[in-house]
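Chemist: Sequence:
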Amino acid sequence: MKENFPMDIISRVCQAMQTVLTIVADNIARDSGFIQRLRKLSGCKLVQTLVFGWLSKKDATLEELSQTSAALGVEITPQALDKRFTARAANFILRVLEAAVGIVIAAEKASIPIMARFNGVYIQDSSIVTLPDKLGDIFPGCGGSSPKNSSSSVKMPVRWDIKAGSITGPYLQAGRVNDKNSPLQNESLLVAQRLSNIDQPILVGAKEKVKCRLIAQKVGAEVANSRRRKIRKNADEKGKTPSKRQLQLASWTIIATNASEQLLSAKEALMLARVRWQIEMRFKLWKNHRHIDSWRTQKPFRSLCEVYANLIVILIQHWIIITSCWKYPDRSLTKASKTIQKHALNLAMALASENIERLTEALEIIKRCLAFGCRILKRKNKPNTYQLLLALNDIP
20 MKENFPMDII SRVCQAMQTV LTIVADNIAR DSGFIQRLRK LSGCKLVQTL
70 VFGWLSKKDA TLEELSQTSA ALGVEITPQA LDKRFTARAA NFILRVLEAA
120 VGIVIAAEKA SIPIMARFNG VYIQDSSIVT LPDKLGDIFP GCGGSSPKNS
170 SSSVKMPVRW DIKAGSITGP YLQAGRVNDK NSPLQNESLL VAQRLSNIDQ
220 PILVGAKEKV KCRLIAQKVG AEVANSRRRK IRKNADEKGK TPSKRQLQLA
270 SWTIIATNAS EQLLSAKEAL MLARVRWQIE MRFKLWKNHR HIDSWRTQKP
320 FRSLCEVYAN LIVILIQHWI IITSCWKYPD RSLTKASKTI QKHALNLAMA
370 LASENIERLT EALEIIKRCL AFGCRILKRK NKPNTYQLLL ALNDIP
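In the numbering used here, the protein residues as written are 20 to 415.
If you're looking for bench data, these hints aren't it; they were derived computationally from the structure. Certain hints may be false.
[As the list claims (entries may be wrong)] What follows is a list of derived Cβ distance ranges for each label pair:
#1 Pro220 - Ala390: 44 to 50 Å
#2 Thr105 - Val229: 19 to 25 Å
#3 Pro220 - Ser130: 28 to 34 Å
#4 Arg377 - Ile250: 14 to 20 Å
Don't be surprised by glycine CBs; every beta carbon is placed ideally from N, CA and C.
Required output: the full structure, derived from the provided sequences and hints.
Modeler: Set out below in structure tokens:
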């Protein structure tokens, strides 16, 4: 169930953080049986320790996490903390993550003229995180020779509104589940990409036919060969052989869209489709900056706790990002993430103080920092996607 807060964005983020990391966390800890009697390390303190400990340092050790706990007012040894990572703890943190996923916060919309034509511009995809083989009963993987097709893996479908910044997901599924079975509801997505220039009407759908346009543009040999290498690599990881037709289609960028030619020209559609790769870059940021696809232990349930807690970190980090720099087309999510990381401990202590004014002040400080310096530099030879989208406004 999604919760909406009728407040300014800083107040919404404050309430979302307080709701998930304090009230909800403690309620779930009691209901799930994770906390059965009064302890100095309550459910909310454990979640806050993990979230802010790993927000501050992506590969924080048990010793560093215990220091974060001490800063939050709870003294616990690294060894005692390690004993908390049980199957019951993993289930508890998963339910806190699900509560965080249920809160969707949108930002001030980015000032890119072409996107103003649409109520929303959504991109949707999933990524796979490999887990220890011992977790195969919980999250069965795909098998095969590739590391990401191990005996246990989790698939994370995500929908991202590029216009307003809101994220729906990540939802968690077994790695072997097909993308067609995503829990995300089907909506009127702007473009579907996977297939000299073509722009012609087509009918899409096996049962219910939808009138669309097929737009295609031939790519250069270098790009086509790069795509074929990727196709062969992906097929090899699954123990399959790519079809001749699939390799031939790598020479084309193909889009199906139900947007009329009056609303979106072929050139604009092809350019707007470049936004699709932003979600791939987002997954890459999550894996490189947050290390969600690696773990620092051989204990399976501690690995699950790490994955779940880091996904909570990602959502909270995103909420904070959209308080400030989302409205800038040239925002840098990588730079913004690093900036938030520097303020993690101060943010943790502000939340732990249970003083809404102090938490608001901490978020306001981060907001001001994000507004300056967290930008992508312009490029002349290979313009960034935001540069190309802004340039569309200048096309006669």
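Chemist: Now tell me, hint by hint, if it's right for this structure.
Modeler: Each hint tested on the structure:
1. Pro220 - Ala390: 44 to 50 Å: holds (45 Å)
2. Thr105 - Val229: 19 to 25 Å: This hint is violated: roughly 49 Å between Cβ atoms.
3. Pro220 - Ser130: 28 to 34 Å: holds (33 Å)
4. Arg377 - Ile250: 14 to 20 Å: violated (53 Å)
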